[in-house]
Amino acid sequence: MAAVLNVGAPTPAQQLVPKARTKNLNFHYGSFQALKNIDLPVYEGKVTALIGPSGCGKSTLLRAFNRMHDLYPGNRYEGEIRLYPEDVDLLSPEVDPIEVRMRIGMVFQKPNPFPKSIFENVAYGLRVRGEKNRTALADKVEAALKGAALWNEVNKRLDELAVNLSGGQQQRLCIARALATDPEIVLFDEPTSALDPIATASIEELIHELKRHVTILIVTHNMQQAARVSDFTAYMYLGEMIEFGETNEIFIKPKHKRTEDYITGRFG
Amino acid sequence: MVHEHTDRAFDADIDGMRTAVMTMGGLVERQLRRASDALRLNDLGLVADVLADERVVNQLHVQADLLCNQIIARRQPIAIDLREVMAAIHAVNDLERIGDEAKKIAYKSRHLDAYSRRETLPLDKVQTMAGLVGSMLGQALDAFLRHDARASDDLAERDREVDRLRNELNDELVARMSIEPGCITAAMDLVFVVQSLERIGDHAKNIAEYVVNVVEGVDARHAHPADNDAVPSS
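Each protein sequence line maps, in turn, to chains A and B. Residue numbers for the first sequence follow the numbering used here, so the first one is -11 and each next one is one higher. Residue numbers for the second sequence follow the numbering used here, so the first one is 19 and each next one is one higher.
Don't read these hints as lab results, they were simulated from the structure. A quick note: this is a predicted structure, and the numbers were derived from the prediction, not measured. Don't take each hint at face value.
[What the hints assert, rightly or not] Take a look, some chain A residues computed to stay more than 12 Å from chain B by CB distance:
1. Gln2
2. Leu4
3. Lys11
4. Gly67
5. Glu68
6. Pro73
7. Lys98
8. Asn121
9. Arg122
10. Ala126
11. Lys144
12. Thr188
13. Leu194
14. His196
15. Asp219
[To be verified] Ranges of calculated distance between the beta carbons of each label pair, as one might list FRET restraints:
16. A:Gln2 x B:Arg239: 21 to 31 Å
17. A:Arg246 x B:Asn111: 26 to 36 Å
18. B:Leu163 x A:Ala1: 36 to 46 Å
19. B:Gln88 x A:Gly118: 54 to 64 Å
20. B:Glu190 x A:Pro(-2): 43 to 53 Å
21. B:Gln81 x A:Pro(-2): 29 to 39 Å
22. B:Glu190 x A:Ala1: 50 to 60 Å
[To be verified] Over 10 Å on every C-beta distance to chain A, these chain B residues come out as not near it, computed from the model:
23. Met40
24. Glu72
25. Asp83
26. Ala132
27. Gly156
28. Arg164
29. Glu186
30. Cys201
Positions of the beta carbon are idealized from the N, C-alpha and C atoms, including for glycine.
Just chain A, same shape as in the assembly:
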């Protein structure tokens, strides 16, 4: 009865545990400012979707979390991305970006398995971390493949090349690869835009399962996908975060007209 009576009620604050937060985050690609004063909370065990038109900065924001922009010269961060519970600023020069990427994994739009075996793809991050024990590697690879709902399909052919898997399987392999290092946050950058509807549904189901163990941040162009998979949604436009809120609220009664215009297809 209580559950029925509380349909539509916002998540009580005590159930929301901060996992990360951007504080006054600005980002420049050279002279171009791509992010402007972003204050985004990311809650533990929740899926947060970033939506907005092309060029709004959502992928830029996503990639800031795991310091992907460090790989290219001329990029500049201002502000902070704090990770909890340690309350450490991920953008601090003292923080090792490699270690950040161990704790914050990423899955890209196009499945990108390494030209290695299924096993070696998943074990790669562990080997970089220094894991040499074969049993430990095997256990973690199995756990990661199970976590990505791929184990049953590949457990008898772990030595086969990953590129021989289907598109949907390759994407789940990439998720397993990200899970192998026990990340706290997994970033998904349009993870299903290259997949067919059935593979897409399997990834979305996987996201539902994964959020019990990791915090998820997802960029998607697919409004219905954001509505289906996320707990919280942030709408971005021209580098600014226009609105942030629970997905139920954003998709039923957004506070800002600009948000409503975009999500209802009245934008532009």
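Mind docking chain B on chain A? Use the hints.
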């Protein structure tokens, strides 16, 4: 003001849905007017007209529902679009109920034709009530078409007036029945007419409440104090 969708076909679908609702609303308004006139003028021809409209109203109910289902399936509406589709689904149910109540009033008019002392019944007061609920229905439909959320409070106030008239009429008819047993059948027919009119007023108020949700995203149903009285005020 709500701008057009980038996909104009979506706008066309929404317009089609609104047209179905307003067409049904217009027909139901006409049913109520004719039922009320049938009672006032003792015109049995109008009764037949009300029943003929009933068939079309029911077809429109099914059609409007189908249009709403198609929009949901094909467009996956969200935010204001979703709220408007939900409002249409609810509104056509209320309109169908109004049509049914108008039909009942028309039937009672037929019964009352047999009563020899019709002119002694409080038909003027019933007409006042019918005029009030007819006006409420018109206001609710207008609010639905123009996304006017302000109508809800006004209709809640007018509905209280309808309830007051219902109470007065019921008291008068009960008193009449107690002193004149010969009028019981006719008086009971009028009691049922009054009940139908009161329900029409409620349905009109409901439609205005759906508009509040469309415009403001606030569910206004059961929000007025009288809606939550533990004991009915009458």
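Now for the hints, and whether the structure bears them out:
{"no.": "1", "hint": "Gln2", "result": "26 Å, holds"}
{"no.": "2", "hint": "Leu4", "result": "22 Å, holds"}
{"no.": "3", "hint": "Lys11", "result": "29 Å, holds"}
{"no.": "4", "hint": "Gly67", "result": "31 Å, holds"}
{"no.": "5", "hint": "Glu68", "result": "32 Å, holds"}
{"no.": "6", "hint": "Pro73", "result": "35 Å, holds"}
{"no.": "7", "hint": "Lys98", "result": "26 Å, holds"}
{"no.": "8", "hint": "Asn121", "result": "49 Å, holds"}
{"no.": "9", "hint": "Arg122", "result": "49 Å, holds"}
{"no.": "10", "hint": "Ala126", "result": "44 Å, holds"}
{"no.": "11", "hint": "Lys144", "result": "40 Å, holds"}
{"no.": "12", "hint": "Thr188", "result": "15 Å, holds"}
{"no.": "13", "hint": "Leu194", "result": "22 Å, holds"}
{"no.": "14", "hint": "His196", "result": "19 Å, holds"}
{"no.": "15", "hint": "Asp219", "result": "16 Å, holds"}
{"no.": "16", "hint": "A:Gln2 x B:Arg239: 21 to 31 Å", "result": "30 Å, holds"}
{"no.": "17", "hint": "A:Arg246 x B:Asn111: 26 to 36 Å", "result": "34 Å, holds"}
{"no.": "18", "hint": "B:Leu163 x A:Ala1: 36 to 46 Å", "result": "41 Å, holds"}
{"no.": "19", "hint": "B:Gln88 x A:Gly118: 54 to 64 Å", "result": "59 Å, holds"}
{"no.": "20", "hint": "B:Glu190 x A:Pro(-2): 43 to 53 Å", "result": "51 Å, holds"}
{"no.": "21", "hint": "B:Gln81 x A:Pro(-2): 29 to 39 Å", "result": "38 Å, holds"}
{"no.": "22", "hint": "B:Glu190 x A:Ala1: 50 to 60 Å", "result": "57 Å, holds"}
{"no.": "23", "hint": "Met40", "result": "22 Å, holds"}
{"no.": "24", "hint": "Glu72", "result": "35 Å, holds"}
{"no.": "25", "hint": "Asp83", "result": "21 Å, holds"}
{"no.": "26", "hint": "Ala132", "result": "50 Å, holds"}
{"no.": "27", "hint": "Gly156", "result": "28 Å, holds"}
{"no.": "28", "hint": "Arg164", "result": "19 Å, holds"}
{"no.": "29", "hint": "Glu186", "result": "38 Å, holds"}
{"no.": "30", "hint": "Cys201", "result": "48 Å, holds"}
When each numbered hint is compared with the structure, no violation occurs for any of them.
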